[in-house]
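Start from the sequences and build out the full structure, keeping to the hints where you can.
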Amino acid sequence: MARSVSPAIVAEGVAAAYGDRLIWRNASFTVNTGEFVAVLGPNGSGKSTLLRLLLGLQPPAAGSLQVLGKRPLRGNPQIGYVPQRRNIDRDLPVRGRDFVHLGIDGNRWGLALGNAASNHQRVDQAITSVEAQAYADRPIGRLSGGEQQRLLLAQALAGRPQMLLLDEPLASLDLRNQIIIAELVAELARANGLTVLLIAHDINPLLPIVDRVLYVAHGGLAIGKPAEVITTEQLSRLYDAPIEVLHDSHGHMFVVGLEAESAHHDA
Amino acid sequence: MMPELYLAVAPYFGWDVVRDVQELLRYAFMQHAYEAGTIVALSAGIIGYFVVLRGLSFAAHALSHIGFAGATGAVLAGATPIAGLLVFTMSAGAVMGALGQRLRGRDVTIGLVMAWSLGLGLLFTYLYKGSAQLAIGILFGQIFGITSQEVAVTFVAGFLTVLALVAVYRPLLFSTLDEEVAEAKGVPVRGLSIAFMVILAVAVSEAVQVVGVLLIFALIVAPAAIAERFTTRPSRGLLLSAALAVLFTWAGLTVAYYVPYPVGFFITTIAFGSYVLARLAAPALTRPRKRGRELLAREEQLRHSP
Chain A
1432 MARSVSPAIV AEGVAAAYGD RLIWRNASFT VNTGEFVAVL GPNGSGKSTL LRLLLGLQPP
1492 AAGSLQVLGK RPLRGNPQIG YVPQRRNIDR DLPVRGRDFV HLGIDGNRWG LALGNAASNH
1552 QRVDQAITSV EAQAYADRPI GRLSGGEQQR LLLAQALAGR PQMLLLDEPL ASLDLRNQII
1612 IAELVAELAR ANGLTVLLIA HDINPLLPIV DRVLYVAHGG LAIGKPAEVI TTEQLSRLYD
1672 APIEVLHDSH GHMFVVGLEA ESAHHDA
Chain B
9 MMPELYLAVA PYFGWDVVRD VQELLRYAFM QHAYEAGTIV ALSAGIIGYF VVLRGLSFAA
69 HALSHIGFAG ATGAVLAGAT PIAGLLVFTM SAGAVMGALG QRLRGRDVTI GLVMAWSLGL
129 GLLFTYLYKG SAQLAIGILF GQIFGITSQE VAVTFVAGFL TVLALVAVYR PLLFSTLDEE
189 VAEAKGVPVR GLSIAFMVIL AVAVSEAVQV VGVLLIFALI VAPAAIAERF TTRPSRGLLL
249 SAALAVLFTW AGLTVAYYVP YPVGFFITTI AFGSYVLARL AAPALTRPRK RGRELLAREE
309 QLRHSP
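Order-wise, the sequence lines are chains A and B. Heads up: the first sequence runs through residues 1432 to 1698, numbered per the numbering used here. Heads up: the second sequence runs through residues 9 to 314, numbered per the numbering used here.
Hints should not be assumed to be uniformly reliable.
Reference listing, derived: stretches of chain A covered by chain B, where coverage requires no fewer than 3 residues with Cβ under 8 Å from a Cβ of chain B [claimed, not checked]:
(1) 1508–1514
(2) 1523–1533
(3) 1617–1626
Quick list of simulated restraints, FRET-style, between CB atoms [to be verified]:
(4) A:Asn1546 - B:Pro268: 50 to 58 Å
(5) A:Pro1673 - B:Arg198: 39 to 47 Å
(6) B:Ala85 - A:Asp1568: 53 to 61 Å
(7) A:Thr1559 - B:Ala160: 47 to 55 Å
(8) A:Gly1500 - B:Ala85: 56 to 64 Å
(9) A:Thr1559 - B:Tyr269: 42 to 50 Å
Note that these hints are calculated values from the structure, not bench results. The beta carbon of each residue, even a glycine, is placed where N, CA and C say it ideally should be.
Here it is, written out as structure tokens:
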């Protein structure tokens, strides 16, 4: 086994609150370094809140949480974060490249006088790694959803993180782009040894990629290999909706009912 | 204090009549006007870039109106207008900044506070019983009535404004463009929002001396709005905005020296004219419809060709 087994995330009896309401509790799980974990669950179940805890944006309501060997701390440079996107203003007079640059030194005070050249090189590297060279100099609001998603991923990568937390990076992409972006994330994670937590509604584009699946539902968290968790009984119970897991002649799984469920909630 | 305020309107009353006698004096005023105007325009142009980027044009406008109540109130209380301007705009700015993103789309609330501030200013002016000139000076600017002491104050305030903006430039840009990631990266988003509005309050208070409460859009919003049509690089946008604000101010002052109409009219006219020209001449980036038509035409051509 090539992968290191030292844990990237260790949660013991963690509870999370949204406002003054507990949304899940008693969460104990471990995510290993280099693992690609898909985070699934109905809307409002607390998937984004889990990322907020890991980012140190809010403390756990109970239990202990360790991220990369430390308690979560806001501003941890080892974590790259891509939040759930609202639409970027079409007329925003800023290039994709400038967004990527913020990932390197956007949190520093004063002007960048000394290391401008090396920063530009890092920006170029990050843009190249997501293959966005062709449109990185265009205003970001004018780009397609997939192109924006690549540049925001590049922004997260430009900080040279060890962990990526991605909140619905595949939302509002067509199926082809969902697969392309998912595979891109997996490839980058593999190449850089990154641990990835990726929130998604539709598990299908992720099935060939993920190591494990983390479910957030019914006030708790459950983690497991796709084959263990992704069964008709498990999913239907987690989502409170009729969901079927089909297997095709090649042995591939396909989940039916989940997209309709999420689409219904998003509307 | 008062003589300057009266002199604010001198250009339109006595410009030609006592021309020879006042020529030398007027030269000193012009010097003061250029000095104060330049530093005000620089800080207004730079902060204006962020005002437009953060979608706070209306809030900035309201801030200056709140300043009107402060300035007239200060005069009524026997203080200088700039003191009242600073106290009122900085307090209001801190409250607006604390609201952060929630400030966006609050047109009704902002508008009501703005109207009430003008009403308060009206009451203070009435109670002062000095003259309407006081109110007119604050509403429309009094750059030709500025004293060398006021120039010095403006210089310090302007220098601090620019210095503060340089210090917070990167985190401010980060939290403006991408608040959630900035917060996760450790940027004090809320504190910056408050700091920004307080810096804006100082810049607005300075700018009121040049263009007055009502015409502030010309120096804070117009240059930035034009700059954003010509560049997609924040650093260039910022510099272009500052350069345009200085240009508008210089041009306005110069024309006003020769033509006996208020300088505020010239500065706003130049700003508005430039904005119209910029909209007409803006590069392809801002002309999606034209590009769309071209693409459609090309497609049509391809379809008809064998």
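Among all the numbered hints in the text so far, which are the ones the structure does not match?
3 and 9
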